[in-house]
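I would like the entire structure built from these sequences, with the hints used as guidance.
Number of protein chains: 2
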Amino acid sequence: MVATDGRPTPKRESPAFDLSTYLKERQVQVEAALDRSLPIIYPETIYEAMRYSLLAGGKRLRPILCIATCELAGGTMEMAMPTACALEMIHTMSLIHDDLPAMDNDDYRRGQLTNHKVYGEDMAILAGDGLLAYAFEYIAAQTKGVPAERVLQVIAWLGHAVGAGGLVGGQVVDLQSEGKLDIQEETLTYIHTHKTGALLESCVVCGGILAGVTNSEMERLSRYAQNIGLAFQIIDDILDITSTQEELGKTAGKDLQAQKVTYPSLWGIETSKAKAQELIEAAKTQLEPFGEKAEPLIALAEFITSRTN
Amino acid sequence: MVATDGRPTPKRESPAFDLSTYLKERQVQVEAALDRSLPIIYPETIYEAMRYSLLAGGKRLRPILCIATCELAGGTMEMAMPTACALEMIHTMSLIHDDLPAMDNDDYRRGQLTNHKVYGEDMAILAGDGLLAYAFEYIAAQTKGVPAERVLQVIAWLGHAVGAGGLVGGQVVDLQSEGKLDIQEETLTYIHTHKTGALLESCVVCGGILAGVTNSEMERLSRYAQNIGLAFQIIDDILDITSTQEELGKTAGKDLQAQKVTYPSLWGIETSKAKAQELIEAAKTQLEPFGEKAEPLIALAEFITSRTN
Numbered sequence: 001m002v003a004t005d006g007r008p009t010p011k012r013e014s015p016a017f018d019l020s021t022y023l024k025e026r027q028v029q030v031e032a033a034l035d036r037s038l039p040i041i042y043p044e045t046i047y048e049a050m051r052y053s054l055l056a057g058g059k060r061l062r063p064i065l066c067i068a069t070c071e072l073a074g075g076t077m078e079m080a081m082p083t084a085c086a087l088e089m090i091h092t093m094s095l096i097h098d099d100l101p102a103m104d105n106d107d108y109r110r111g112q113l114t115n116h117k118v119y120g121e122d123m124a125i126l127a128g129d130g131l132l133a134y135a136f137e138y139i140a141a142q143t144k145g146v147p148a149e150r151v152l153q154v155i156a157w158l159g160h161a162v163g164a165g166g167l168v169g170g171q172v173v174d175l176q177s178e179g180k181l182d183i184q185e186e187t188l189t190y191i192h193t194h195k196t197g198a199l200l201e202s203c204v205v206c207g208g209i210l211a212g213v214t215n216s217e218m219e220r221l222s223r224y225a226q227n228i229g230l231a232f233q234i235i236d237d238i239l240d241i242t243s244t245q246e247e248l249g250k251t252a253g254k255d256l257q258a259q260k261v262t263y264p265s266l267w268g269i270e271t272s273k274a275k276a277q278e279l280i281e282a283a284k285t286q287l288e289p290f291g292e293k294a295e296p297l298i299a300l301a302e303f304i305t306s307r308t309n
Numbered sequence: 001m002v003a004t005d006g007r008p009t010p011k012r013e014s015p016a017f018d019l020s021t022y023l024k025e026r027q028v029q030v031e032a033a034l035d036r037s038l039p040i041i042y043p044e045t046i047y048e049a050m051r052y053s054l055l056a057g058g059k060r061l062r063p064i065l066c067i068a069t070c071e072l073a074g075g076t077m078e079m080a081m082p083t084a085c086a087l088e089m090i091h092t093m094s095l096i097h098d099d100l101p102a103m104d105n106d107d108y109r110r111g112q113l114t115n116h117k118v119y120g121e122d123m124a125i126l127a128g129d130g131l132l133a134y135a136f137e138y139i140a141a142q143t144k145g146v147p148a149e150r151v152l153q154v155i156a157w158l159g160h161a162v163g164a165g166g167l168v169g170g171q172v173v174d175l176q177s178e179g180k181l182d183i184q185e186e187t188l189t190y191i192h193t194h195k196t197g198a199l200l201e202s203c204v205v206c207g208g209i210l211a212g213v214t215n216s217e218m219e220r221l222s223r224y225a226q227n228i229g230l231a232f233q234i235i236d237d238i239l240d241i242t243s244t245q246e247e248l249g250k251t252a253g254k255d256l257q258a259q260k261v262t263y264p265s266l267w268g269i270e271t272s273k274a275k276a277q278e279l280i281e282a283a284k285t286q287l288e289p290f291g292e293k294a295e296p297l298i299a300l301a302e303f304i305t306s307r308t309n
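Sequence order for the protein chains is A and B. Numbering follows our numbering, in which position 143 of the first sequence is assigned residue number 143; successive positions increment by one, without gaps. Numbering follows our numbering, in which position 111 of the second sequence is assigned residue number 111; successive positions increment by one, without gaps.
Same chains, same names: a pair is fine if it fits in one copy or spans any two.
Derived lysine-lysine pairs resembling DSSO-like cross-links, with alpha carbons at most 30 Å apart:
1) K254 - K180
2) K254 - K59
3) K293 - K275
4) K59 - K144
5) K117 - K180
6) K260 - K59
7) K117 - K260
8) K117 - K254
In case anyone wonders, no lab produced these hints; they're calculated from the structure.
What follows is the structure, encoded as structure tokens:
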């Protein structure tokens, strides 16, 4: 097999890639880096509130995607770690603000009380703001061994991914669509490619930028990320219907309750599952030219369809 | 007169600096740049909400401070404009979030309804998030003619100034101090050097970084900014007591109502005024080595004590 860029792909010689061990190792490294990133100083309450949600567990899928892509493209974990942590800070701020009474009004997240239930609404708003600002500071101040131009590109990408052209925009259309049962697939896709997809894509793109990938490699990585992002959301919608609160760690059945149109409500559960599987296959196809270096990203794509929470 | 760094200060030969004309010109330029920075696209509501507060007038003191410092240090307005706009975006997001019911619960700002009164709490939270993310994107993507390393330094500074170590931290201590009438001057100074001071200092520091000032020049500029920042807050506290809502464009007498300890409540109005004047004089002293190039910054310092809203 020859990659599209003309480089021969090396034959598989290593033993089968063990995703479970890989994820565990990376999770430990990311947890440690996140813990170190945010020491508690005066005024303690705000750092405690930020840490409460930032260190509340979770799969750390976003940081791991960023690191895996950076390594795939010839970079190191060290180059990617500040951006990886920043991605988790941004993801966490979006969860804190989404859970607020004025937004989704959720009391539980990852099996624990949401930030505002513990620290109050005012602190939760400020904890989100603090995490968002810190994410950019952290990338700018802590990234080592990467040309400054690339770091700026990462910041520009990430700012766009979280702003009105990305996550915030997706959330806006989502809020505006609540209770409307005539939402079209086009609108639903807008919501998800922005609310969830934009940040997931950023993990992969930013990992690639840090390592200095070529334009054609970046296009493949972007398409991989877009596909897994949408698959991720479809699975999320299915789990909201089929899981209990205990399995999910957050309120289940929220979409139905909020009269939200979802992929399963448009297509049914079985077709939605098949569609997610198709997207994962398409994502994996994009990685073929990278050969066995892409094993972590391939395994991560498969992990997304098999997850149960 | 010889500056402390040994360079002779040129004799004044230009006509007296006209601050009023200078401010008007700069305001027009900043308004135009802000207007261009944020076109309305889909989903329109969020861009309208962001623009509603971003373009609601105001003195544009922060962008002007940034541009004036960059020019003082040998840079150009063009180099500073993206950062200048970002500073106003960040300032605006802090106002939108501060005004929320869960925070200061304010209905009016600059004589207009606050963001959440017009767009709802959910949109106001998201508009703030969107502006904060966009500020960093805008600096990273739009700054031209400045080495990338300096732009990263600006982003790191600004991230710190708005986060838990700056504006957010000041807001936290402010909220925690409400209703406590035994607040010490030390705590009050912490609140103001962080809630207002950190961002004002950033305007000056970032302008200096963009132009590539020396370390000793940066120290002087920082001290100038810290002094005018504190003076600015003292005047703000005085105006809250002595002004009507019409003059102020926002609810007057809020501090007394919220049982907030302020400088005038600690020192009385006359001593507070004298203290602000002292700080302005100290600020101006820091600028002496820069000679007549510092005229805009000197005039801006004086403007702060003479303002009435």
